[in-house]
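Student: Starting from the known structure of chain B, fit chain R onto it as the hints suggest.
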Amino acid sequence: MAETKIYLDNAATTKISDSVLDAMLPWLKDGYGNPSSIYTLGRQAAIALNTARSQVAKALGCEDSEVYFTSCGSESDNWALVSTAKMMAAKGKKHIISSAFEHHAILHTLQALEKEGFEVTYLPVYENGIVKVDDVEKAIRPDTALVTIMYANNEIGTIQPIPEIGEVCRAKGVIFHTDAVQAVGNVHINVKEQNIDMLSLSGHKIHAQKGVGVLYVNKKYRLAPFINGGAQERGRRAGTENIPAIVGLGVAITEAVAKIDEKNAKLRAFQDKIINEVMKIDRVHLNGDRTKRLAGNLNFSFEGVEGESLLLQLDLQGIAASSGSACTSGSLDPSHVLLAIGLPHEVAHGSLRISMSEYTTEEEIDRLLEVLPAIVTKLRGMSPLWEHILKGETFKIK
Amino acid sequence: MIYSEKVMDHFANPRNIGEIENADGVGEVGNAKCGDIMKMYLKIDGGVITDVKFKTFGCGAAIATSSIATEMIKGKPLDEALKLTNKAVIEALDGLPPAKIHCSVLAEQAIKSAIADYYTRQGVDPTPFVGKLEDHCDTCCEV
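These protein sequence lines are chains B and R, in that order.
When the letters of the first sequence are read in order and numbered with this note's numbering, they come out as residues 10 to 407.
When the letters of the second sequence are read in order and numbered with this note's numbering, they come out as residues 955 to 1097.
Same shape as in the complex, but just chain B (with noise of 0.2 Å):
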């Protein structure tokens, strides 16, 4: 198989940037210290420690004892919802809002939390993927716990209303949690200016290695731990601190909020050239809107093509990217959030996510319009369902 050499998956990982590599390794060789001991060693890193943490907090407008270091963004997400509603349960609220949309981490915890006697409004995402405020407002009751929206959708990457969700929740006296590992470093993010009280965060979608997250929580709230332990992050989030990757979270967030507008600017310029080449193909539909949506993400539907074939036909080219279909999670579904935005599960099965970082090259760019539309072209003549469609008889869209 070809070796990937276009890499346009950057909303499922990233690699790991030159300089958050160079901070790291002093803390992978020599600096192996436990953070929690009192000698050299261990001051050292609790300093590197302490030093990250406040990078963090310069990122989201927060205080540094706000910043708790997780080992990813689900455990972030689950730290946040079962931790709020027991804590909310006690007073007796047991009503939690979120989207139909959310990542799996917040929705498969809200399902668990259901399981357990909470219940959950999940507001519609509409066509364009989202959510409505007054549909916040209106769905907010005296016992609503906790409201938890995404801030970008990580498939469509459409961009959620956040700082005005955030007002009404302020407004409201309600707890509100924000699901934002595909917005930070692409959107500006002030938690205080935005009314979050609560925001998950994962190292590894922006150039930090994998297994490192952050919660960020509101010093209001006092969210008992979700791991036991010892009395690390001032006894939040027992576990000996992963000081290499926090190191290196650090030094991505703060390189990737510096640069926002910088790559924006870059990002949508490609955006709008995939958009408009994209679109000269035949039946082939934009998912999510088209301006409210992080500058490095596309979401198509081809009608007719099934989206793993896709990828792989993609992949013999060098070309790594997404699909929203089933086929590639190994379920049978297609994507939760495609048919959020109302699409029928046939033209759900036949999307393809691109997602840009800073290190996309117009080339790439270019390369990849000059390949998909005869893969689209060659699926096509091959698809049974292709055949029914442009005879008319099968499913119709909206």
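No wet-lab data here; the hints were simulated from the structure.
Be aware that a few hints might be false.
[Said to hold, decoys possible] Sample of chain R residues lacking proximity to chain B, with all beta carbon distances greater than 12 Å (derived):
#1 T1004
#2 D1033
#3 E1034
#4 K1037
#5 A1042
#6 Q1076
#7 L1087
[Claimed, not checked] Here are the simulated lysine-lysine pairs, DSSO-like style, with alpha carbons at most 30 Å apart:
#8 K1041/R x K1030/R
#9 K387/B x K1028/R
#10 K400/B x K1041/R
#11 K95/B x K228/B
#12 K147/B x K102/B
#13 K14/B x K289/B
#14 K289/B x K67/B
#15 K997/R x K1007/R
#16 K95/B x K141/B
#17 K400/B x K1007/R
#18 K1041/R x K387/B
#19 K147/B x K282/B
#20 K181/B x K301/B
#21 K268/B x K228/B
#22 K1041/R x K1028/R
#23 K14/B x K24/B
#24 K289/B x K95/B
#25 K387/B x K1086/R
#26 K1007/R x K1041/R
#27 K960/R x K289/B
#28 K387/B x K960/R
#29 K997/R x K387/B
#30 K181/B x K228/B
#31 K67/B x K14/B
#32 K228/B x K100/B
#33 K14/B x K1030/R
#34 K400/B x K987/R
#35 K1041/R x K987/R
#36 K997/R x K282/B
#37 K1028/R x K1007/R
Just so it is clear, the structure is predicted and the values come from calculations on it, not from any experiment.
We treat Cβ as the ideally placed atom computed from N, Cα and C, and that holds for glycine.
Tutor: For chain R alone, kept in the frame of chain B given last:
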């Protein structure tokens, strides 16, 4: 989820792809909602499959299973082609990931469906030869 070299070979270079004009039997199974449709065209002479072509909408495994299945039945008498099991298709491909087993079932069903169509066109009830064609799609698209 990892595909074998054999699966990737049949995906990248599918054998017997296309249609047969004036085919003697055509079978189509699966549905778009589940994400896979296979269509098989057979040319049959003296009870032997002299030519076979396929078209598939589906994942890599769906394309690879239909491709190898056509190779396995080409030149075979009908009774032998009807004995082709999904298990034999999986073995010929050096295995399939568990989530893709249904693709091999679909390939088996597509052949049976095309042969049933041939018998029907001959005015012969296909049931004694082909058996009852099952709808494979009972677990994959709970809506």
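Student: Each hint: holds or not?
Tutor: Status of the hints after comparison with the structure:
Listed as a non-interface residue, T1004/R keeps its Cβ farther than 12 Å from every Cβ of chain B; the least gap is roughly 22 Å. Listed as a non-interface residue, D1033/R keeps its Cβ farther than 12 Å from every Cβ of chain B; the least gap is roughly 27 Å. At roughly 26 Å, the least C-beta separation between E1034/R and chain B is larger than 12 Å, which holds for a residue marked as non-interface. No beta-carbon of chain B comes within 12 Å of the beta-carbon of K1037/R; the shortest separation is about 25 Å.
The Cβ of A1042/R sits about 23 Å from the closest Cβ of chain B, beyond the 12 Å cut-off, so the non-interface label holds. Residue placement check: Q1076/R keeps its beta carbon more than 12 Å from all beta carbons of chain B (closest about 24 Å). No beta-carbon of chain B comes within 12 Å of the beta-carbon of L1087/R; the shortest separation is about 17 Å. The suggested pairing of K1041/R with K1030/R holds, with an alpha-carbon distance near 18 Å, which does not exceed 30 Å.
Distance restraint check for K387/B and K1028/R: the Cα-Cα separation of roughly 24 Å lies within the 30 Å cut-off, and the hinted pair is therefore satisfied. Proposed proximity of K400/B and K1041/R is contradicted: the alpha carbons are some 35 Å apart, above 30 Å. In summary, the hint linking K95/B to K228/B is supported, as the alpha carbons are separated by about 17 Å, within the 30 Å threshold. Proximity of K147/B to K102/B is assessed by CA-CA distance (about 17 Å); at most 30 Å being required, the pair is judged to hold.
At roughly 25 Å between alpha-carbon atoms, K14/B and K289/B fall within 30 Å of each other, so this suggested pair holds. Taking the CA atoms of K289/B and K67/B, the gap is near 43 Å; set against the 30 Å cutoff, the hint is violated. Taking the CA atoms of K997/R and K1007/R, the gap is about 9 Å. The hint holds against a cut of 30 Å. With a CA separation close to 27 Å, the supplied pair K95/B and K141/B stays within the 30 Å bound.
At roughly 21 Å between alpha-carbon atoms, K400/B and K1007/R fall within 30 Å of each other, so this suggested pair holds. Restraint check: the Cα-Cα separation between K1041/R and K387/B comes to about 29 Å, which is no more than 30 Å; the hinted pair holds. Restraint check: the Cα-Cα separation between K147/B and K282/B comes to about 39 Å, which exceeds 30 Å; the hinted pair is violated. For the hint pairing K181/B with K301/B, the CA-to-CA distance comes to about 26 Å; that is within 30 Å, so the pair holds.
Distance check on the hinted pair: K268/B and K228/B sit about 28 Å apart at the alpha-carbon level, within 30 Å; holds. Restraint check: the Cα-Cα separation between K1041/R and K1028/R comes to about 18 Å, which is no more than 30 Å; the hinted pair holds. For the hint pairing K14/B with K24/B, the CA-to-CA distance comes to about 13 Å; that is within 30 Å, so the pair holds. Distance restraint check for K289/B and K95/B: the Cα-Cα separation of roughly 51 Å exceeds the 30 Å cut-off, and the hinted pair is therefore not satisfied.
With a CA separation close to 34 Å, the supplied pair K387/B and K1086/R exceeds the 30 Å bound. A hinted pair counts as satisfied when its Cα atoms are at most 30 Å apart, and K1007/R with K1041/R qualifies at roughly 21 Å. For the hint pairing K960/R with K289/B, the CA-to-CA distance comes to about 35 Å; that exceeds 30 Å, so the pair is violated. Distance restraint check for K387/B and K960/R: the Cα-Cα separation of roughly 21 Å lies within the 30 Å cut-off, and the hinted pair is therefore satisfied.
Among the hinted pairs, K997/R with K387/B is consistent with the structure: their alpha-carbon atoms are about 24 Å apart, no more than 30 Å. The suggested pairing of K181/B with K228/B holds, with an alpha-carbon distance near 19 Å, which does not exceed 30 Å. In summary, the hint linking K67/B to K14/B is not supported, as the alpha carbons are separated by about 35 Å, beyond the 30 Å threshold. With a C-alpha separation of about 19 Å, the suggested pair K228/B and K100/B falls inside the 30 Å cut-off, and the hint holds.
Straight-line distance between C-alpha atoms of K14/B and K1030/R comes to about 43 Å, which puts the hinted pair past the 30 Å bound. Taking the CA atoms of K400/B and K987/R, the gap is near 17 Å; set against the 30 Å cutoff, the hint holds. Proximity of K1041/R to K987/R is assessed by CA-CA distance (about 25 Å); at most 30 Å being required, the pair is judged to hold. A distance of roughly 47 Å separates the Cα atoms of K997/R and K282/B; the hinted pair therefore is violated under the 30 Å criterion.
For a cut-off of 30 Å, the pair hint linking K1028/R to K1007/R stands: about 9 Å separates their Cα positions.
When each numbered hint is compared with the structure, violations occur for hints 10, 14, 19, 24, 25, 27, 31, 33 and 36.
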